[in-house]
Amino acid sequence: MADEASRGPGPFDVKTIRQLVALMNQHDLNEIDLREGEQRIRLRRGLFQGGPIPFAQTSASAPAAPTSTASAPPAISATAKPSKTLLPIKSPTPGTFYSSSKPGAEPYVKVGSKVTPSTVVCMIEAMKIFNEITADCTGVITEVSVENQQAVEYGQILFQVDPNG
Amino acid sequence: MFQRILVANRGEIALRVIRACRDLGIEVVAVFSEADRDAPYLQLANDAICIGPAPASESYLNIPRLISAAEITDVQAIHPGYGFLAENPHFAEVCRLCNIEFIGPSEQAMRLLGNKNEARKLAQKAGVPVVPGSEGLVRDEAEAVRLARSIGFPVLIKAAAGGGGRGMRVARNDISLQSGLKAASQEAEKAFKDGSVYLEKYIEQPRHVEVQILGDQQGNTIHLWERDCSLQRRHQKLVEESPAPNLPPELRQEMCEAAVRLAKTAGYYNAGTCEFLVDKDNKYYFIEVNARIQVEHPVTELVTGIDLVREQIRLAAGEPLRFKQQDVVPRGVAMECRINAEDPAKDFRPSPGVITRWQAPGGPGVRLDSHVSAGYRVPPHYDSLVAKLLVYQPTRSEALACMRRALAEFVVEGIHTTIPLHREIFNDSSFRDGRVDTTFIERTWQKG
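Residue numbers (this note's numbering), protein chains in the order written: chain C, 583 to 747; chain U, 14 to 461.
If you're looking for bench data, these hints aren't it; they were derived computationally from the structure. Wrong hints could be hidden among the right ones.
Below, a list of computed lysine to aspartate or glutamate pairs in the DMTMM-like style, where the Cα atoms sit at most 20 Å apart [said to hold, decoys possible]:
#1 U:K134 <-> U:D207
#2 C:K710 <-> U:E288
#3 C:K666 <-> C:D718
#4 U:K138 <-> U:E288
#5 C:K710 <-> U:E106
#6 C:K666 <-> C:E688
#7 C:K666 <-> C:E707
#8 U:K138 <-> U:E148
#9 U:K214 <-> U:D187
#10 C:K672 <-> U:E47
#11 C:K696 <-> C:D718
#12 U:K277 <-> U:E120
#13 C:K672 <-> U:E71
#14 C:K710 <-> U:E114
#15 U:K203 <-> U:D153
#16 C:K710 <-> U:D187
#17 U:K293 <-> U:E217
#18 U:K293 <-> U:E455
Computed from the model, here is a short list of chain C residues facing chain U with C-beta under 8 Å [said to hold, decoys possible]:
#19 G677
#20 S700
#21 A708
#22 Y736
#23 G737
Bear in mind the structure is a predicted one, so any value in this text is a computation, not a measurement. From the three backbone atoms N, C-alpha and C, an ideal C-beta is built for every residue, glycine too.
Use the sequences and the hints to build the structure in full.
This is the structure:
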């Protein structure tokens with residue numbers, strides 16, 4: 583390692599890492615994978631959903647090559663862009679979140695449910711009044727971000743919706 | 014005693030209530046709109062709940078959201094601060110219906126005193142002098158003109174549902190009375206949903222002297238002496254002090270006793286303020302009761318040594334008053350400057366934005382109540398108060414000198430403030446002699 587140190591900064595140098603992160607932001611890169619001798623650094627940003635990604639090819643072991651370009655989501659045009667923009671459904675009031683219309687009933691929605699703007703996704707109880715919350719968007723629920731009977735505040739994310747799902 | 018309280022307000026009074034709760038070992042929940050998300054004082058609460066977007070109607074004035082926040086955090090009481098819903102009897106009622114204690118007077122007392130015309134009648138019943146005026150609401154122009162002639166011009170047209178300086182118009186003759194009545198009634202209808210008006214004699218160049226009262230739920234009421242708030246601009250107070258300078262001791266005594274009498278007659282408990290005008294002949298007249306803790310309450314705290322917000326909490330929890338009237342002995346002189354984010358050179362236009370430098374004054378006898386610091390972004394959606402600068406000294410001349418020194422130390426950059434105006438006020442000889450009235454600011458600082 584001594585001779586590496588004398589050759590200048592390596593991939594685990596904080597300064598180098600900062601520079602790499604800055605470069606990624608600057609060029610809107612999702613992932614970079616660098617190797618130098620025995621040292622390798624791989625920096626990944628945001629959600630990795632698959633699809634074409636640029637990375638520095640090395641001659642060593644199998645790289646994380648994209649395996650299913652054929653099924654890559656057509657919405658991705660620029661390869662450098664994050665692969666999905668999710669739409670959050672936020673609480674319009676502080677209150678208590680209820681995932682179903684009454685105890686024991688099926689939840690209004692779950693991961694994978696399709697929603698349209700008028701789909702009721704949950705109830706928020708505020709001051710003894712049960713407010714039905716609608717999706718106000720179209721897509722597929724990818725995440726239920728709160729738990730049944732959880733206290734929520736205004737603007738808190740309740741669900742994530744994939745508009746392209 | 015309460016275990017947890019929610020403060021339904023923002024800014025410096027929210028911080029004030031948070032501090033009082035922590036002093037008492039009570040947990041405190043703060044609320045915030047999206048515009049206040051990064052407010053530093055939120056970190057001092059045990060919990061902070063986002064209640065809505067920036068507009069007050071969707072956040073700090075939104076009763077369902079506030080109550081909801083109170084319910085999910087399981088508080089036993091709500092402190093409404095001042096402004097917003099502090100004097101809203103419906104809010105007090107909703108709190109009660111939801112089994113949450115409202116830290117303030119009863120909704121009945123609030124309703125009674127909130128109607129300024131009813132409050133006037135109550136004062137008369139309590140043997141408290143009122144400004145000569147109409148005995149009740151004015152129904153038509155002919156009646157108004159008759160009344161105005163018997164009271165004597167100039168008269169003040171006042172909205173019964175108004176208060177805090179809003180919904181008032183001066184009329185100096187029949188013509189301006191007639192047009193003024195129409196306009197005042199329309200404005201009142203729009204602002205307060207109640208177009209009813211009444212008349213009062215317009216007192217020329219009065220002093221504004223108010224009395225702090227405190228009452229428990231067992232019927233004991235005391236006063237904590239007076240504050241002089243004559244320095245105002247467009248009915249907004251700029252400087253307050255206690256004791257009121259050059260006020261004859263018998264007059265002071267009489268006014269304070271009148272305030273207690275009025276509070277008792279109204280069945281008032283918790284903290285409140287009785288406002289009076291004092292004319293050039295040292296005659297005093299009741300104006301209105303502010304059924305809440307006031308912005309300038311620290312002035313009284315300094316001269317009496319009593320923490321008013323802590324007492325509010327104790328009284329709301331049902332505790333009896335811990336002081337008898339004879340225990341409240343004022344000492345020294347306290348003065349307060351309200352520092353607003355406004356530009357005095359541009360007709361006090363609000364000056365929101367990021368504070369890039371905040372060099373606050375300090376040292377002996379200086380108290381600064383403020384929720385802001387360098388880096389804070391003053392939002393444009395709410396009132397412009399950024400700090401209350403207070404001094405407390407043994408004599409008035411020392412207090413004046415101390416305030417001049419503190420104002421000189423105070424450096425704020427990034428926003429405009431009223432600090433330069435305060436520096437001028439404290440260099441003014443009439444003010445230093447304690448000879449000012451409510452028209453003083455506008456007469457002395459006429460801007461085009």
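Worksheet item: Given the proposed pairing of K696 of chain C with D718 of chain C, does the C-alpha separation stay at or below 20 Å?
Response: holds (12 Å)
Worksheet item: Was the hint right that A708 of chain C lines chain U, CB cutoff 8 Å?
Response: holds (4 Å)
Worksheet item: Given Y736 of chain C was flagged as interface, is its beta-carbon under 8 Å from a beta-carbon of chain U?
Response: Status holds, d = 4 Å.
Discussion item. Can you confirm whether the C-alpha distance between K293 of chain U and E217 of chain U stays at or below 20 Å?
Written reply: The given pair, whose Cα atoms are some 8 Å apart, holds under the 20 Å limit.
Fill in: Agreement of K710 of chain C and D187 of chain U with the hint, judged by alpha carbon distance not exceeding 20 Å
With Cα atoms ~54 Å apart, K710 of chain C and D187 of chain U exceed 20 Å; violated.
Worksheet item: Given the hinted pair K293 of chain U and E455 of chain U, is their alpha-carbon gap at most 20 Å?
Response: holds (18 Å)
Fill in: Hinted pair K710 of chain C and E114 of chain U, Cα distance within 20 Å
holds (18 Å)
Practice prompt. For the pair supplied as a hint, K672 of chain C and E47 of chain U, confirm whether the alpha-carbon distance does not exceed 20 Å.
Written response: holds (13 Å)
Practice prompt. Against chain U, run the beta carbon of G677 of chain C and see if the smallest gap drops under 8 Å.
Written response: Result: holds, 5 Å to nearest chain U Cβ.
Worksheet item: Is the shortest C-beta separation between G737 of chain C and chain U less than 8 Å?
Response: At about 5 Å, which falls below the 8 Å cut-off, the nearest Cβ of chain U leaves the hint on G737 of chain C intact, so it holds.
Worksheet item: Under the criterion that the straight-line Cα-Cα distance not exceed 20 Å, is the pair K672 of chain C, E71 of chain U satisfied?
Response: holds (15 Å)
Worksheet item: Regarding the pair K138 of chain U and E288 of chain U, is the alpha-carbon distance no greater than 20 Å?
Response: With a Cα-Cα distance of about 17 Å, the restraint between K138 of chain U and E288 of chain U holds, given a limit of 20 Å.
Of the numbered hints given earlier, the model fails hints 2, 6, 7, 16, 20; all others are met.
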